[in-house]
Amino acid sequence: TIIPVLMTIWRSMSARPGLDAKVWVSIYGLLAAISVLVVLANMVWWMIRGIEAGRSLHDSMLTSVLNAKLRFYDSTPIGGILQRFSRDLEAADIHLQMSFRQTVDCFINVLTSLLVLIIALPMIGVVIAPLMYFYWKLQNQYRPPARDIKRLDSITRSHGAMSPAFGAPLMRFKAASMS
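Counting in our numbering, the sequence shown runs from 35 upward without gaps.
Treat the hints as calculated values from the structure; they're not laboratory data.
Take the hints with a grain of salt, since some may be wrong.
Said to hold, decoys possible - Label-pair distances were calculated between CB atoms; the ranges are:
| hint | residue 1 | residue 2 | range |
| --- | --- | --- | --- |
| 1 | ILE82 | ALA55 | 35 to 43 Å |
| 2 | MET132 | SER109 | 31 to 39 Å |
| 3 | LEU149 | GLN175 | 23 to 31 Å |
| 4 | ILE142 | ILE43 | 56 to 64 Å |
| 5 | GLY63 | ALA102 | 53 to 61 Å |
| 6 | LEU71 | MET157 | 36 to 44 Å |
| 7 | GLN136 | PRO111 | 34 to 42 Å |
| 8 | VAL144 | GLN175 | 34 to 42 Å |
| 9 | SER109 | LEU148 | 45 to 53 Å |
To be verified - Taking lysine to any residue and the SDA-like style, the derived pairs with C-alpha atoms no more than 20 Å apart in a straight line are:
| hint | residue 1 | residue 2 |
| --- | --- | --- |
| 10 | LYS184 | LYS103 |
| 11 | LYS103 | GLY113 |
| 12 | LYS171 | ALA102 |
Backbone N, C-alpha and C define an ideal beta-carbon position, used for all residues, glycine too.
When you get a sec, could you build the whole thing from the sequences and use the hints?
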């Protein structure tokens with residue numbers, strides 16, 4: 035953020051002779067307090083966003099389950115429904131807000147670093163552009179198998195996965211992936 039940069043500038047300016055030390059220390063302390071408040075506000079904002087996401091996910095999941103046809107309850111064990119609810123809500127309540135905040139922070143840091151690099155060394159863009167394209171292509175190849183593995187993990191964790199019929203979804207997955 036900008037506050038640590040201002041604090042660094044303020045420290046370098048405080049070395050000048052003839053300035054009252056109490057004023058410099060007071061202003062530096064004020065900048066430190068503002069920095070702490072900005073970090074606290076950022077954490078509270080992300081926490082509120084995570085709670086709202088969890089509440090919204092829970093309400094939509096509950097509405098979907100309550101409005102499901104009776105056939106859904108005949109074919110889906112209660113343990114599987116509870117497992118899905120608990121895993122999805124855990125992801126929204128605990129992991130989602132932290133992951134999203136870290137993603138935004140990382141994106142801002144990478145973007146700032148790239149901007150500084152390109153401004154300082156414009157020719158580095160010739161190297162960075164192909165690397166970014168290669169990374170994008172690699173990500174496009176990685177995501178579908180990762181999503182399928184996550185889905186299979188969810189199936190194996192559900193209560194219904196202990197039945198002999200578990201092999202059928204796995205066989206269909208294998209057949210679909212081969213074609």
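Against the structure, the hints:
no.	hint	in the structure
1	ILE82 with ALA55: 35 to 43 Å	41 Å, holds
2	MET132 with SER109: 31 to 39 Å	35 Å, holds
3	LEU149 with GLN175: 23 to 31 Å	28 Å, holds
4	ILE142 with ILE43: 56 to 64 Å	20 Å, violated
5	GLY63 with ALA102: 53 to 61 Å	59 Å, holds
6	LEU71 with MET157: 36 to 44 Å	41 Å, holds
7	GLN136 with PRO111: 34 to 42 Å	35 Å, holds
8	VAL144 with GLN175: 34 to 42 Å	21 Å, violated
9	SER109 with LEU148: 45 to 53 Å	50 Å, holds
10	LYS184 with LYS103	26 Å, violated
11	LYS103 with GLY113	18 Å, holds
12	LYS171 with ALA102	39 Å, violated
Consistency note: the structure conflicts with the earlier hints numbered 4, 8, 10, 12.
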